[in-house]
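Protein chains: 8
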Amino acid sequence: MSKIIMSDNDKSNVSHVFFDYNRTARVGLPEAVFCQGKETDTLRSLVREFHFNKTPILFTRLKPEVYALFTDEEKSYIDYCPLSATAYTSVLPKKDKGKVAIVTAGTADASVAYEAARTLSYLGVRHTVFEDCGVAGLWRLTTKLDAINQHDIIIIVAGLDAALASVLGGLTSKPLYAVPTSVGYGIAEKGNVALGSMLTSCAPGVAVMNIDNGYGAACAAMRLINSFLN
Amino acid sequence: MSKIIMSDNDKSNVSHVFFDYNRTARVGLPEAVFCQGKETDTLRSLVREFHFNKTPILFTRLKPEVYALFTDEEKSYIDYCPLSATAYTSVLPKKDKGKVAIVTAGTADASVAYEAARTLSYLGVRHTVFEDCGVAGLWRLTTKLDAINQHDIIIIVAGLDAALASVLGGLTSKPLYAVPTSVGYGIAEKGNVALGSMLTSCAPGVAVMNIDNGYGAACAAMRLINSFLN
Amino acid sequence: MSKIIMSDNDKSNVSHVFFDYNRTARVGLPEAVFCQGKETDTLRSLVREFHFNKTPILFTRLKPEVYALFTDEEKSYIDYCPLSATAYTSVLPKKDKGKVAIVTAGTADASVAYEAARTLSYLGVRHTVFEDCGVAGLWRLTTKLDAINQHDIIIIVAGLDAALASVLGGLTSKPLYAVPTSVGYGIAEKGNVALGSMLTSCAPGVAVMNIDNGYGAACAAMRLINSFLN
Amino acid sequence: MSKIIMSDNDKSNVSHVFFDYNRTARVGLPEAVFCQGKETDTLRSLVREFHFNKTPILFTRLKPEVYALFTDEEKSYIDYCPLSATAYTSVLPKKDKGKVAIVTAGTADASVAYEAARTLSYLGVRHTVFEDCGVAGLWRLTTKLDAINQHDIIIIVAGLDAALASVLGGLTSKPLYAVPTSVGYGIAEKGNVALGSMLTSCAPGVAVMNIDNGYGAACAAMRLINSFLN
Amino acid sequence: MSKIIMSDNDKSNVSHVFFDYNRTARVGLPEAVFCQGKETDTLRSLVREFHFNKTPILFTRLKPEVYALFTDEEKSYIDYCPLSATAYTSVLPKKDKGKVAIVTAGTADASVAYEAARTLSYLGVRHTVFEDCGVAGLWRLTTKLDAINQHDIIIIVAGLDAALASVLGGLTSKPLYAVPTSVGYGIAEKGNVALGSMLTSCAPGVAVMNIDNGYGAACAAMRLINSFLN
Amino acid sequence: MSKIIMSDNDKSNVSHVFFDYNRTARVGLPEAVFCQGKETDTLRSLVREFHFNKTPILFTRLKPEVYALFTDEEKSYIDYCPLSATAYTSVLPKKDKGKVAIVTAGTADASVAYEAARTLSYLGVRHTVFEDCGVAGLWRLTTKLDAINQHDIIIIVAGLDAALASVLGGLTSKPLYAVPTSVGYGIAEKGNVALGSMLTSCAPGVAVMNIDNGYGAACAAMRLINSFLN
Amino acid sequence: MSKIIMSDNDKSNVSHVFFDYNRTARVGLPEAVFCQGKETDTLRSLVREFHFNKTPILFTRLKPEVYALFTDEEKSYIDYCPLSATAYTSVLPKKDKGKVAIVTAGTADASVAYEAARTLSYLGVRHTVFEDCGVAGLWRLTTKLDAINQHDIIIIVAGLDAALASVLGGLTSKPLYAVPTSVGYGIAEKGNVALGSMLTSCAPGVAVMNIDNGYGAACAAMRLINSFLN
Amino acid sequence: MSKIIMSDNDKSNVSHVFFDYNRTARVGLPEAVFCQGKETDTLRSLVREFHFNKTPILFTRLKPEVYALFTDEEKSYIDYCPLSATAYTSVLPKKDKGKVAIVTAGTADASVAYEAARTLSYLGVRHTVFEDCGVAGLWRLTTKLDAINQHDIIIIVAGLDAALASVLGGLTSKPLYAVPTSVGYGIAEKGNVALGSMLTSCAPGVAVMNIDNGYGAACAAMRLINSFLN
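Protein chains in written order, with the numbering used here: chain P, 1 to 230; chain Y, 1 to 230; chain F, 1 to 230; chain W, 1 to 230; chain C, 1 to 230; chain B, 1 to 230; chain Z, 1 to 230; chain H, 1 to 230.
The hints are simulated quantities; they were obtained by calculation from the structure and are not laboratory data.
Keep in mind that a hint or two might mislead.
[Claimed, not checked] List of simulated lysine-lysine pairs, DSS-like, C-alpha gap at most 25 Å:
(1) Lys-63(P) x Lys-144(Y)
(2) Lys-190(W) x Lys-144(Z)
(3) Lys-144(H) x Lys-99(H)
(4) Lys-38(P) x Lys-97(C)
(5) Lys-38(Z) x Lys-63(F)
(6) Lys-190(Y) x Lys-190(F)
(7) Lys-190(C) x Lys-94(B)
(8) Lys-190(Z) x Lys-97(H)
(9) Lys-38(W) x Lys-99(W)
(10) Lys-75(C) x Lys-63(C)
(11) Lys-63(P) x Lys-190(C)
(12) Lys-144(H) x Lys-38(Z)
(13) Lys-190(B) x Lys-38(B)
(14) Lys-99(Y) x Lys-97(F)
(15) Lys-63(P) x Lys-75(P)
(16) Lys-75(P) x Lys-38(P)
(17) Lys-190(H) x Lys-190(W)
(18) Lys-190(C) x Lys-190(W)
(19) Lys-190(H) x Lys-38(Z)
(20) Lys-97(W) x Lys-63(F)
(21) Lys-144(Y) x Lys-38(Z)
(22) Lys-97(H) x Lys-97(C)
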């Protein structure tokens with residue numbers, strides 16, 4: 001998005017948004033709308049604009065309380081998921097190849113995992129979510145390991161000590177993207193322990209995204225699918 | 001809990017939860033439900049499920065405002081304590097041996113202390129809470145020291161400078177678990193000073209739990225009771 | 001140790017040290033000499049004093065470069081281990097019961113693990129060190145699990161993401177003391193990630209010591225052995 | 001590596017090291033020797049062992065001052081690079097496919113970039129190092145962009161504000177692994193700003209490694225090459 | 001503002017405020033009212049006072065929910081902008097010379113950018129806002145570069161990794177003031193990464209303001225305009 | 001306060017509070033009630049208890065929204081100040097000697113300054129509040145310096161960079177207690193900069209209290225008045 | 001000290017130092033020389049200058065390795081104490097009144113305690129050092145409490161969890177200055193835990209100095225002695 | 001500097017360096033050599049290259065112990081200042097206009113102040129250093145204020161609480177660049193308190209550089225001189 005505003009109207013009556021339509025050509029990923037910090041009216045007009053332009057677009061961090069302020073008609077223009085706080089007007093063409101496994105440590109990691117899952121749905125990429133594989137009960141992971149390894153790329157979503165990254169990283173040869181989550185309380189609050197834990201994983205080649213950044217992990221996976229599989 | 005969800009239904013219509021029923025055999029402690037971050041409807045269905053299965057289960061971090069959204073019938077299925085934000089459908093069999101003293105520094109530490117106390121009640125372990133033993137008035141601790149020392153295990157709950165850990169740690173030979181609390185303001189906020197203080201206690205052999213983790217201290221105590229006393 | 005010095009001689013010509021000989025009666029653990037920050041001459045005179053008094057005493061954090069400044073005779077008075085930087089004049093009577101397993105994640109955790117091991121040797125407690133059980137290669141842990149579980153208490157020593165705590169904590173019912181280590185670089189430096197990871201372990205009842213505090217974990221174990229097994 | 005040591009010989013006379021020879025089968029990457037914190041004698045015996053076993057092995061974080069203590073014969077067994085502090089006895093078979101671009105922001109990032117480059121050399125992967133592409137002089141990057149984009153995977157190595165990650169991330173569709181470096185002083189010291197900057201990059205799909213972890217980025221690239229190109 | 005209150009009336013019935021009317025003479029900038037933490041009644045009486053005194057005054061951090069509590073008459077006394085949370089009773093005389101470019105990385109930086117813009121409006125300084133010039137899409141910046149460079153001073157407003165500072169800093173010879181914003185989540189939260197990134201910018205001579213301090217950047221620009229251009 | 005609660009009634013039906021009535025004898029200061037984190041019903045019963053016992057007691061951190069829940073009768077028992085969030089049932093006897101100056105940097109520091117002032121009122125100590133002496137307008141301080149220096153003890157209350165501590169510390173020979181405040185935004189948030197600034201003041205002998213701890217500064221002053229002036 | 005240097009000789013051939021001789025009149029304390037970061041030659045010339053001027057002056061943070069570079073003659077001009085790293089050319093006149101107790105928690109706090117003690121010696125103030133009163137062995141403190149309470153002012157010096165501040169603060173009515181020390185390892189390193197602990201002490205009226213700032217505590221005590229006792 | 005290195009010679013035999021000779025045209029400032037982290041041989045060859053090319057070049061962070069390894073001939077090619085750790089082969093043409101005042105709080109800030117001064121000398125800009133103006137002795141600043149205000153731009157260099165920024169910022173209308181220094185110990189260590197203090201200065205329009213970044217402040221000043229005065 002881009003605009004220039006002169007000092008005569010410095011109260012930000014934001015009139016127009018120019019999208020980076022060229023981004024797909026450059027980086028293989030279309031621009032998305034990050035809703036946090038944007039005003040509801042701006043979001044609503046973007047929904048209408050993309051709907052009428054018949055352009056597939058993804059909205060992330062669209063909180064249920066903001067979505068509730070949309071009109072019924074605006075709501076009908078988008079496919080909304082409250083758990084992941086994502087929405088899209090329509091999805092991109094299905095990719096023929098490339099399957100992504102999204103593996104979470106606990107129930108509380110679901111919102112981040114589904115941000116990744118929904119982003120992949122929007123991008124046309126097949127994926128499976130494996131929930132509740134936390135390593136304090138190893139059987140949860142080991143019984144699903146074969147199914148996980150039948151995917152091309154693995155996204156690990158975990159909070160607290162994020163021990164899942166090292167254990168799963170030691171059991172698979174697949175590319176791994178690890179997303180720390182801001183689950184927990186006390187020293188775990190905000191997800192910095194999980195972030196640190198994933199960055200220092202003993203398993204080789206674990207790459208890490210920002211805390212709660214399920215969207216970013218899906219984008220990283222998309223780079224692989226674009227480069228190697230399609 | 002464990003489930004697999006395929007990409008066709010990636011909006012997380014969470015249908016089923018598989019508990020780690022085997023955990024008691026492995027680690028001597030049944031799984032509990034950590035309520036923070038879970039949706040109210042999920043919690044309500046878990047309450048009903050465990051009630052009808054006649055399975056004892058502990059809920060932690062069940063905030064009063066969430067509990068208030070339960071139906072009266074659901075409320076009747078559980079024993080709820082707002083101070084500690086805990087609930088259980090029923091308790092496990094009483095342990096014959098093993099008494100735990102829970103010692104707090106100040107009134108503000110009560111919610112954490114009672115999370116430990118209620119977890120022990122659920123686990124069938126006898127315990128006594130000694131409140132307000134902060135060492136800025138040493139007599140508060142010393143007059144209760146004999147009573148405290150008649151227990152097998154001591155859980156220390158303190159915020160701010162958590163000086164109680166060093167003083168009590170120097171006056172008893174019992175196993176000690178120290179729980180820092182997020183009491184206070186300014187530099188004390190969030191409990192990091194209390195955590196650091198307990199980890200650097202001059203008294204030898206003070207073991208520390210995460211901030212506000214009364215549940216964890218009760219579990220640590222349970223490991224001792226299972227291993228040595230029953 | 002204790003002394004009073006008047007202002008006339010305020011240059012700290014430290015003449016005498018009074019030990020807390022009564023500590024064993026109070027807390028079941030004798031006082032030890034923490035060498036870091038003490039001057040070499042003070043340490044040397046303590047070695048001689050305890051040798052001639054035939055009193056068993058433990059020295060911790062006695063760096064090799066300090067030990068190298070001792071006379072040969074002083075060296076002959078103590079049993080020194082450079083890896084763990086510990087020494088003792090003689091050991092306490094063997095405990096009849098109680099066996100401690102010390103389990104490390106990697107080779108770099110050895111110095112901390114052996115501080116725990118040597119402290120237990122000094123205290124007369126039997127123990128086994130299981131090195132290199134890091135969970136990035138799960139078989140390293142699982143092949144030793146039965147042997148580990150034949151001990152009464154488990155000390156876990158790990159740096160980096162310290163994922164071992166959650167995995168082993170989910171596979172054993174024994175009392176657990178976790179010691180984070182300051183192994184690694186970047187975000188792992190100083191051991192704060194490992195500390196945070198252990199405090200937020202998903203396995204219930206993991207109690208944590210200060211970073212690199214193998215001595216403290218041995219003391220915590222000793223409290224259990226004193227209370228329940230001897 | 002793995003060993004068990006009984007309490008009789010608790011002074012850590014480390015006799016033997018068992019490698020995780022199975023790792024390549026599991027994760028597609030052989031184990032490497034992380035030299036930091038290991039004693040020189042241990043490293044020297046490992047060099048000899050791997051040389052005589054004719055097993056290719058990589059040593060990382062082998063500081064020049066440690067290497068200087070090796071005998072000439074031991075030195076002759078390895079290919080040593082002081083800038084990257086890496087060594088190997090021999091390299092693995094050349095991979096037919098897969099080229100990695102390693103792009104740095106400044107001269108001071110070279111040691112980390114070459115840790116990645118040397119790891120790739122050891123793993124048999126072709127690669128090119130593009131140095132000094134920092135975006136304060138954009139032409140440095142833009143004149144090399146076409147050459148960079150002819151590689152399959154891009155590793156970005158940058159310290160300070162690590163702005164290169166966002167700029168290059170917006171100019172390429174290739175998979176990206178970003179390595180923050182501990183270059184600089186003041187608030188830049190230790191690399192935490194660079195780490196935070198890369199994790200919050202505006203370019204989509206930038207995956208991040210621990211500070212100074214060139215080895216990890218090479219391993220992450222290897223997972224892609226193993227999975228998609230060979 | 002300044003007052004003395006004796007202990008008899010220590011309940012702070014704040015009666016009167018003395019402004020630093022002399023500040024303009026000393027530092028070339030009039031005092032402004034920082035509304036955060038001030039009570040609504042105090043703010044309302046200040047609005048009336050300055051209106052009736054016909055004194056131009058700027059209010060910063062005047063949240064919409066506080067403004068909503070003003071009477072319609074009070075509202076009519078000020079020019080209010082909700083996006084930037086600023087208001088003024090009237091503006092100072094237009095400066096003949098000096099034009100400031102305010103360049104933002106993304107839409108979410110607008111509130112800070114407009115705090116700077118509105119402060120400049122109040123101070124009588126011409127300026128242009130260039131929004132959405134984030135360097136993940138370099139063309140956004142490069143197509144506006146000539147227009148930006150026709151200004152005398154550049155204020156850069158960016159959150160997350162704030163890479164815009166280094167790129168723009170390398171493309172212009174103008175004085176630069178960089179304002180980090182508290183945009184984003186996870187490690188970006190609170191703006192500390194953006195602050196660190198701007199302070200360590202590779203481009204020479206980038207001067208930095210506190211997080212979200214658009215007002216301060218405008219004041220810094222005003223010092224230049226006062227000193228060199230008027 | 002002190003109580004013992006047995007495990008049968010572990011839901012914390014807090015029946016009774018025992019005050020440390022002996023504290024005045026030991027430390028010269030009566031106990032106060034810190035309201036934050038205490039339940040409203042507990043506070044209301046304490047108000048009634050102290051009122052009927054005719055015991056002077058101070059309540060700190062009694063937020064207006066909690067006070068609003070008191071009955072009119074309960075409100076009539078106490079003297080309440082919303083700005084400082086303090087209340088007392090009655091005050092202690094006036095001290096004959098000792099005058100305290102409370103000097104603030106800005107209006108936003110008032111709530112903390114008045115917590116100190118009100119505590120001194122309760123303790124019977126004379127005091128004067130000098131507001132808005134921030135050193136960005138030096139005349140604000142210098143014109144009041146003589147009046148300030150006619151007091152026996154000086155409490156400095158300042159947020160942000162807290163530069164007032166060094167400047168005033170260099171202009172007076174009086175005992176100084178500095179209280180940092182959590183005023184401001186960005187890097188100033190929470191008051192850690194002000195705390196650090198006061199602890200590193202160049203003026204010799206500046207002693208510092210916790211952030212926002214006006215109560216503590218008044219207690220520190222009281223120790224001097226008790227020891228030297230009464 | 002003060003000087004102006006023109007740009008022609010910008011290599012800092014520091015020719016002259018002007019002391020703040022007026023400081024004693026203003027704040028009751030003469031200026032001291034903080035040696036850290038000053039070059040040895042500067043320190044040596046200051047020693048000679050103050051010796052020949054027969055002016056009493058205190059040097060702090062004068063490390064033994066710097067002192068070793070002085071000539072024997074220069075050494076003869078000062079009274080040097082390596083433990084506290086302090087020196088003075090001569091002392092100020094003895095104060096008739098005012099006795100300060102300096103109480104430490106452990107042997108490792110001695111260097112800071114003696115920095116306070118030596119500063120008091122220089123200032124002519126009587127004092128006693130009570131070492132090793134750490135509260136993990138309460139008898140160490142209680143047996144000396146009466147002697148401590150016979151002093152007018154108490155300086156508490158403690159590292160690690162600094163629990164001594166709360167315990168002693170609850171047992172005395174004297175003015176208290178607490179100095180955290182940078183003793184210990186792991187989370188204790190650098191003294192931040194001790195600082196936080198002292199700032200959040202439960203005992204009322206504990207005022208805190210910067211980490212390791214024994215000099216500052218002595219200055220704070222001097223302000224009291226000047227104001228109230230002489 | 002820029003080079004491309006192919007994987008055949010990945011041991012970094014750095015052969016050549018390409019300078020950003022175009023930088024002066026773009027940003028008005030020539031590139032400088034930041035010596036920290038560069039190898040001595042590289043620095044020595046740069047010295048020779050720039051000497052023989054008769055190109056003025058500035059070296060920063062050239063530590064005396066590195067300079068000592070230069071040959072006498074190489075030393076003769078540069079003008080070296082050990083205090084500021086800077087060197088240049090020759091200086092740029094004198095600017096006709098623009099005078100910069102560099103004001104420090106204490107002697108320990110000299111190395112940073114002279115890094116700024118020497119950079120200005122190299123850039124051909126007139127400047128004056130005013131040392132030791134710390135506000136704990138206000139007269140030090142006020143007696144020099146008129147002289148300071150006769151300069152066009154002011155650079156403030158201060159560590160610890162950096163109170164000088166607010167005081168001087170309130171006494172001058174000139175453009176201000178504030179450089180925090182890493183002077184001090186305890187909480188002051190590394191300069192983060194000074195950095196935070198300057199960023200939150202109450203004086204309006206204080207712009208801040210990275211800790212110890214005297215070079216950056218000189219560059220910022222140069223941008224003004226280039227834009228407005230020459």
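Status of each hint after checking the structure:
1. Lys-63(P) x Lys-144(Y): violated, 51 Å
2. Lys-190(W) x Lys-144(Z): Distance of about 46 Å is beyond 25 Å: violated.
3. Lys-144(H) x Lys-99(H): Given that 25 Å is the threshold and the Cα spacing comes to 16 Å, the pair holds.
4. Lys-38(P) x Lys-97(C): violated, 34 Å
5. Lys-38(Z) x Lys-63(F): Distance ~31 Å between Lys-38(Z) and Lys-63(F) Cα, so the pair is violated.
6. Lys-190(Y) x Lys-190(F): holds, 22 Å
7. Lys-190(C) x Lys-94(B): violated, 47 Å
8. Lys-190(Z) x Lys-97(H): Measuring from Cα to Cα gives roughly 47 Å; hence the hint is violated.
9. Lys-38(W) x Lys-99(W): Violated. Lys-38(W) to Lys-99(W) sits at ~33 Å, over the 25 Å cutoff.
10. Lys-75(C) x Lys-63(C): holds, 13 Å
11. Lys-63(P) x Lys-190(C): holds, 20 Å
12. Lys-144(H) x Lys-38(Z): Since the Cα atoms of Lys-144(H) and Lys-38(Z) sit roughly 24 Å apart, the hinted pair holds (cutoff 25 Å).
13. Lys-190(B) x Lys-38(B): Judged against 25 Å, a Cα distance of about 22 Å means the pair holds.
14. Lys-99(Y) x Lys-97(F): Status holds; Cα separation ~22 Å.
15. Lys-63(P) x Lys-75(P): holds, 13 Å
16. Lys-75(P) x Lys-38(P): holds, 18 Å
17. Lys-190(H) x Lys-190(W): With Cα atoms ~12 Å apart, Lys-190(H) and Lys-190(W) stay inside 25 Å; holds.
18. Lys-190(C) x Lys-190(W): holds, 20 Å
19. Lys-190(H) x Lys-38(Z): holds, 17 Å
20. Lys-97(W) x Lys-63(F): Not satisfied, since the Cα-Cα distance of roughly 51 Å exceeds 25 Å.
21. Lys-144(Y) x Lys-38(Z): violated, 55 Å
22. Lys-97(H) x Lys-97(C): holds, 20 Å
The earlier numbered hints that this structure contradicts are 1, 2, 4, 5, 7, 8, 9, 20, 21.
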